[in-house]
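Protein chains in written order, with the working numbering: chain Z, 19 to 364; chain P, 33 to 387; chain E, 449 to 740.
A few of these clues could be false.
What the hints assert, rightly or not - Below, a list of computed lysine to aspartate or glutamate pairs in the DMTMM-like style, where the Cα atoms sit at most 20 Å apart:
id: 1; chain 1: Z; residue 1: LYS186; chain 2: Z; residue 2: ASP133
id: 2; chain 1: E; residue 1: LYS523; chain 2: E; residue 2: ASP502
id: 3; chain 1: Z; residue 1: LYS75; chain 2: Z; residue 2: ASP99
id: 4; chain 1: Z; residue 1: LYS186; chain 2: Z; residue 2: GLU170
id: 5; chain 1: E; residue 1: LYS624; chain 2: Z; residue 2: ASP133
id: 6; chain 1: E; residue 1: LYS624; chain 2: E; residue 2: ASP574
id: 7; chain 1: P; residue 1: LYS65; chain 2: P; residue 2: GLU46
id: 8; chain 1: P; residue 1: LYS120; chain 2: P; residue 2: ASP316
id: 9; chain 1: Z; residue 1: LYS120; chain 2: E; residue 2: ASP566
id: 10; chain 1: P; residue 1: LYS120; chain 2: P; residue 2: GLU321
id: 11; chain 1: E; residue 1: LYS624; chain 2: Z; residue 2: ASP99
id: 12; chain 1: Z; residue 1: LYS159; chain 2: E; residue 2: ASP566
id: 13; chain 1: Z; residue 1: LYS159; chain 2: Z; residue 2: GLU170
id: 14; chain 1: Z; residue 1: LYS120; chain 2: E; residue 2: GLU630
id: 15; chain 1: E; residue 1: LYS523; chain 2: E; residue 2: GLU513
For the record, the hints were derived by calculation from the structure and aren't laboratory data.
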Amino acid sequence: MIDRTVPASPRPGHAHAPGTGAGDAVLSLRGVHQVFSTPRGDVPAVAGVDLDVRPGKVLCLVGESGCGKTTSARMAAGLADPVHGSVFFRGRDVAAMDRREKGRFRRSVQYIHQDPYASLNPVRTVYSTVSAGLRRHGLVKDRREARRAAAELLERVDLTPAEEHLDKYPHQMSGGQRQRVAVARALAMNPEVIIADESTSMLDVSIRVSLLNTLGRLRDELGVGFLFITHDLAVAKYFAWEGEIAVMYLGRVVEHGPTSRVINDPRHPYTEALIDAVCEPDPDLARNRERIRLRGADIPDLTDLPPGCDFHPRCPLYEQGDCDTVRPPLVPGHDRLLACHVVNRG
Amino acid sequence: MSHVTDPTAAPTAEGPLLSVRGVDVGYRTGRRKQVTAVRDVSFDLYPGQSMALVGESGCGKTTLGLGLLRLLPRTGVVSAGEVLFRRKDGRLVDVRTLAREDLRRFRWNEAAMVFQGAMNAFNPVLRVRDHFLDTFRAHEGGRRSRARILERSAELLRMVRLDPARVLDGFPHELSGGMRQRTLIALALALEPQLLILDEPTTALDILTQRSIVERLAELREELRFAMVFITHDLGLAAELADRVGTMYAGRMIETGTTRDIFHRARHPYTSALINSVPPVTGDLRVPESLPGGPPSVGALPPGCSFAPRCARAVDRCESTRPTLDVLRSRPEGMSHAAACLRSHELFSEGVTRD
Amino acid sequence: MAVVNTTSAPGVWGAVWQGVTRSTSGFLGLCLVLGVLAFSFVGPLLIDTRNPTDVTAIWGPITSEHWLGTNHEGKDTFVQLVLGGREPIWVGVVAALITVATAVVLGGVAGYVRGRVDHLLLQLTDITMTIPFIVLMLVIASFYRTASPLVVSFIIGLVTWPYLMRSIRAQVLTLKEREFVEAARLQDLGTARILFVEVLPNMAGYIFVNFIIAVTNAIYAVVGMYLLGLLPSTADNWGLMIQQAWNNNAFLLPQAAPFLIAPMVMIMLFQIGLVTMTRSLEQALNPRLRDR
Numbered sequence: 019m020i021d022r023t024v025p026a027s028p029r030p031g032h033a034h035a036p037g038t039g040a041g042d043a044v045l046s047l048r049g050v051h052q053v054f055s056t057p058r059g060d061v062p063a064v065a066g067v068d069l070d071v072r073p074g075k076v077l078c079l080v081g082e083s084g085c086g087k088t089t090s091a092r093m094a095a096g097l098a099d100p101v102h103g104s105v106f107f108r109g110r111d112v113a114a115m116d117r118r119e120k121g122r123f124r125r126s127v128q129y130i131h132q133d134p135y136a137s138l139n140p141v142r143t144v145y146s147t148v149s150a151g152l153r154r155h156g157l158v159k160d161r162r163e164a165r166r167a168a169a170e171l172l173e174r175v176d177l178t179p180a181e182e183h184l185d186k187y188p189h190q191m192s193g194g195q196r197q198r199v200a201v202a203r204a205l206a207m208n209p210e211v212i213i214a215d216e217s218t219s220m221l222d223v224s225i226r227v228s229l230l231n232t233l234g235r236l237r238d239e240l241g242v243g244f245l246f247i248t249h250d251l252a253v254a255k256y257f258a259w260e261g262e263i264a265v266m267y268l269g270r271v272v273e274h275g276p277t278s279r280v281i282n283d284p285r286h287p288y289t290e291a292l293i294d295a296v297c298e299p300d301p302d303l304a305r306n307r308e309r310i311r312l313r314g315a316d317i318p319d320l321t322d323l324p325p326g327c328d329f330h331p332r333c334p335l336y337e338q339g340d341c342d343t344v345r346p347p348l349v350p351g352h353d354r355l356l357a358c359h360v361v362n363r364g
Numbered sequence: 033m034s035h036v037t038d039p040t041a042a043p044t045a046e047g048p049l050l051s052v053r054g055v056d057v058g059y060r061t062g063r064r065k066q067v068t069a070v071r072d073v074s075f076d077l078y079p080g081q082s083m084a085l086v087g088e089s090g091c092g093k094t095t096l097g098l099g100l101l102r103l104l105p106r107t108g109v110v111s112a113g114e115v116l117f118r119r120k121d122g123r124l125v126d127v128r129t130l131a132r133e134d135l136r137r138f139r140w141n142e143a144a145m146v147f148q149g150a151m152n153a154f155n156p157v158l159r160v161r162d163h164f165l166d167t168f169r170a171h172e173g174g175r176r177s178r179a180r181i182l183e184r185s186a187e188l189l190r191m192v193r194l195d196p197a198r199v200l201d202g203f204p205h206e207l208s209g210g211m212r213q214r215t216l217i218a219l220a221l222a223l224e225p226q227l228l229i230l231d232e233p234t235t236a237l238d239i240l241t242q243r244s245i246v247e248r249l250a251e252l253r254e255e256l257r258f259a260m261v262f263i264t265h266d267l268g269l270a271a272e273l274a275d276r277v278g279t280m281y282a283g284r285m286i287e288t289g290t291t292r293d294i295f296h297r298a299r300h301p302y303t304s305a306l307i308n309s310v311p312p313v314t315g316d317l318r319v320p321e322s323l324p325g326g327p328p329s330v331g332a333l334p335p336g337c338s339f340a341p342r343c344a345r346a347v348d349r350c351e352s353t354r355p356t357l358d359v360l361r362s363r364p365e366g367m368s369h370a371a372a373c374l375r376s377h378e379l380f381s382e383g384v385t386r387d
Numbered sequence: 449m450a451v452v453n454t455t456s457a458p459g460v461w462g463a464v465w466q467g468v469t470r471s472t473s474g475f476l477g478l479c480l481v482l483g484v485l486a487f488s489f490v491g492p493l494l495i496d497t498r499n500p501t502d503v504t505a506i507w508g509p510i511t512s513e514h515w516l517g518t519n520h521e522g523k524d525t526f527v528q529l530v531l532g533g534r535e536p537i538w539v540g541v542v543a544a545l546i547t548v549a550t551a552v553v554l555g556g557v558a559g560y561v562r563g564r565v566d567h568l569l570l571q572l573t574d575i576t577m578t579i580p581f582i583v584l585m586l587v588i589a590s591f592y593r594t595a596s597p598l599v600v601s602f603i604i605g606l607v608t609w610p611y612l613m614r615s616i617r618a619q620v621l622t623l624k625e626r627e628f629v630e631a632a633r634l635q636d637l638g639t640a641r642i643l644f645v646e647v648l649p650n651m652a653g654y655i656f657v658n659f660i661i662a663v664t665n666a667i668y669a670v671v672g673m674y675l676l677g678l679l680p681s682t683a684d685n686w687g688l689m690i691q692q693a694w695n696n697n698a699f700l701l702p703q704a705a706p707f708l709i710a711p712m713v714m715i716m717l718f719q720i721g722l723v724t725m726t727r728s729l730e731q732a733l734n735p736r737l738r739d740r
């Protein structure tokens, strides 16, 4: 590749907001593929995904386990290199970056893990965890300054009173508090993008919302762009209401558009099934709803994908013809990007 | 005593299947130290009912569920109260006093448990078939022949929508998470228990898998008429699968009622905060409430209402007086609505309900 | 390198104290170890250390003057016993430090960096493991007749590290996959810092337990070498006492028994103390045994 700038790609933005080119994206994935070798054969975990994360905006990746959302996120964070395709940070291909640029990229794109019990070093205090990066990169002069900076970060993530928490060890904190420490650690690097991989799914519902609110404030006040990965559509809807949602199925994006449109008016049969399957905390609604019936319950094996559309063995809209022979491309339609022969035709 | 049930009415043949009276469950934490994780819980479960136990993690739901079948880890013990169970032959037994052999027969024949984390419940070196064989033999004492057992196993697997030919000969690790969970449910139903206790039955499963299990469980309950107690932190699941809900907080049952009572007319601020913290998927964006802080440690409960320190509606007396579980609306068969909140009456008239 | 396994892991000393005191046998072990240490290091300050040869009192009996009798040169056995502990214990500790330091650094680097470095280091351990220890000592002893205790401990240390290095490497391999290590990488903290500040302190307990095991092994090694006469006789030393007892046929003389048995008892007490202490420490510090 000689051209190292982001190639434009069809995005949902084109459909409803012309003029916002790929140029305003901080972090972009272009046609990234990831293949894992297993004893049973090569598993194409991600097969050609285009995504853009913009400052102060949320891009939510949803899908079932094994659909490639975490793998995509890890490539976006530079934790894994794509087999094909490229990751662009501020228009520069990450693969072509020199050491210094790459370090900057590393620090500007922070990743928050799912499990706050595993992502904090059990033998380090909160102060030590949060300030390690600051001290390493010379952003603070001495210990006093480091403590002040760490305390400010804790306050940013609503872990107050900060002074009380600085000298605690992870095992002295609750899951929600730990996750806040992980967010504070990411913030220490003054990131432009935060990739949150199921970061709220291990927390109790009661704590989940307040952490989401904290993250939302970082998005609005600091202009941090979010790549937010979740399997919980309710969380996706709440956090990415003003942003976009990309629904992944077996390594590909099948529907991608503004959250309000995708959630309230899903078009891809898979998205529809997902939304329909959510258990709502409302007994009347739950009992009186007409449910979508999938044709098959089990996800196909990634090593042995069906021909045509990946979803066709389960799809309620399945029609003979294109569905089981041609893989539907992700193309604009119904003011979003959609990969379905039947819906796009209609 | 804060029993929902009238303690004078002894359970009769038509009475409750399970009658839990003032149960405490404790864990030994040191040589002479013990914490009480569940305190003074009472409820009656009638045949065919489905009850959800909800609450945040660490509030005693799982401990209570395990305590009901005496499946607690070595350090745990049901330290007070009665767990009365009406057996298939009509006899009433206290699970707490069952002898070892009796207890073994009681479990699975009368009441079965489906654990959280389906993989750990299987022995990884045994085929699924052997799990069925073992279960039948251990709890029936060889009344059935091998062929009959396998026939019945296949029937059970078909009941949970699994292909017996594929599943029976496989090893547990060859099954997907959803298939394992369904196999566990089939195993639990093997001896037609009257009561099924499920601990977070769909946590860690994908949403479509969860949906199929939820629907299957609802259908099976219609068909087989077993009663269900399921422990979950997913309120959506409770709304869908339960007839009645018990909210637990800091080891106590703080509100109980029908599913509609709880979801539409919650009278305890904790229950309503929990419900309001779940963002819904359908409809326009509703901003969920956040419920800051966490439950107190069961070793250091505040003197008054355990929820008072987090409660937005707490007044001074909440910090000194511990509320009892008072019946707000009386209904037969354990479906009464009761809440343990000093202000439940005033709050209700203020209209803190959600419809 | 002892720095790694002590100071940078807060709470380790607390865990060590808890681990040692939570079981009776662990506590008795600690008492034994402290007792022998006091005997060998405080003892010499409290007694008259002059111990002249006295040809009139060869193999003297146990008296109020000579608590454990005298030896083949008429020297007081008890005084020798008090003075003879320092050297083997010192050698043991220094050798163990060298073993552990080498194993931790090389094991950590091999496990964390992987690739060519890992390959080379593994080959080095293979080669080192095949060196026959006793033969090496024979060769070295024949070249340097005046090997100082320090040289001895270096040699022991340099020969015994590979076993520990392999297990440290294996643990680093699993630890580096943990999410907090990945988080540190995302902070661009640098390989050395991640390895020594994030990864290794998580193994502090394990390293500490292995340090104690290395001490016991080194003490056996050094005593064994004295016994075989591989090391020159210099100061008083328990190993040397046993060797002299052997050379002078003390095992045939009933009145010489204290001279033969006393140093053996001291060594055994120290080793039993260390081993029982380590047992209960291991339970407290090994996360796999500790986790509920």
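Hints, verified against the model:
With a CA separation close to 18 Å, the supplied pair LYS186 of chain Z and ASP133 of chain Z stays within the 20 Å bound. With a C-alpha separation of about 6 Å, the suggested pair LYS523 of chain E and ASP502 of chain E falls inside the 20 Å cut-off, and the hint holds. With a CA separation close to 24 Å, the supplied pair LYS75 of chain Z and ASP99 of chain Z exceeds the 20 Å bound. Proposed proximity of LYS186 of chain Z and GLU170 of chain Z is supported: the alpha carbons are some 16 Å apart, at most 20 Å.
Between LYS624 of chain E and ASP133 of chain Z, the direct Cα distance comes to roughly 16 Å. Compliance with the 20 Å bound is thereby established for this hinted pair. A distance of roughly 24 Å separates the Cα atoms of LYS624 of chain E and ASP574 of chain E; the hinted pair therefore is violated under the 20 Å criterion. Under the criterion of a C-alpha separation no larger than 20 Å, the hint pairing LYS65 of chain P with GLU46 of chain P is inconsistent with the structure, at around 41 Å. Among the hinted pairs, LYS120 of chain P with ASP316 of chain P is inconsistent with the structure: their alpha-carbon atoms are about 49 Å apart, more than 20 Å.
A distance of roughly 25 Å separates the Cα atoms of LYS120 of chain Z and ASP566 of chain E; the hinted pair therefore is violated under the 20 Å criterion. For the hint pairing LYS120 of chain P with GLU321 of chain P, the CA-to-CA distance comes to about 45 Å; that exceeds 20 Å, so the pair is violated. Taking the CA atoms of LYS624 of chain E and ASP99 of chain Z, the gap is about 19 Å. The hint holds against a cut of 20 Å. Distance hint between LYS159 of chain Z and ASP566 of chain E is unfulfilled; the C-alpha atoms sit about 36 Å from each other, more than 20 Å.
With a C-alpha separation of about 16 Å, the suggested pairing of LYS159 of chain Z with GLU170 of chain Z holds against the 20 Å cut-off. For the hint pairing LYS120 of chain Z with GLU630 of chain E, the CA-to-CA distance comes to about 16 Å; that is within 20 Å, so the pair holds. The straight-line distance between the Cα atoms of LYS523 of chain E and GLU513 of chain E is roughly 12 Å, inside the 20 Å bound, and the hint therefore holds.
When held up to the earlier numbered hints, the structure conflicts with 3, 6, 7, 8, 9, 10 and 12 and fits the remainder.
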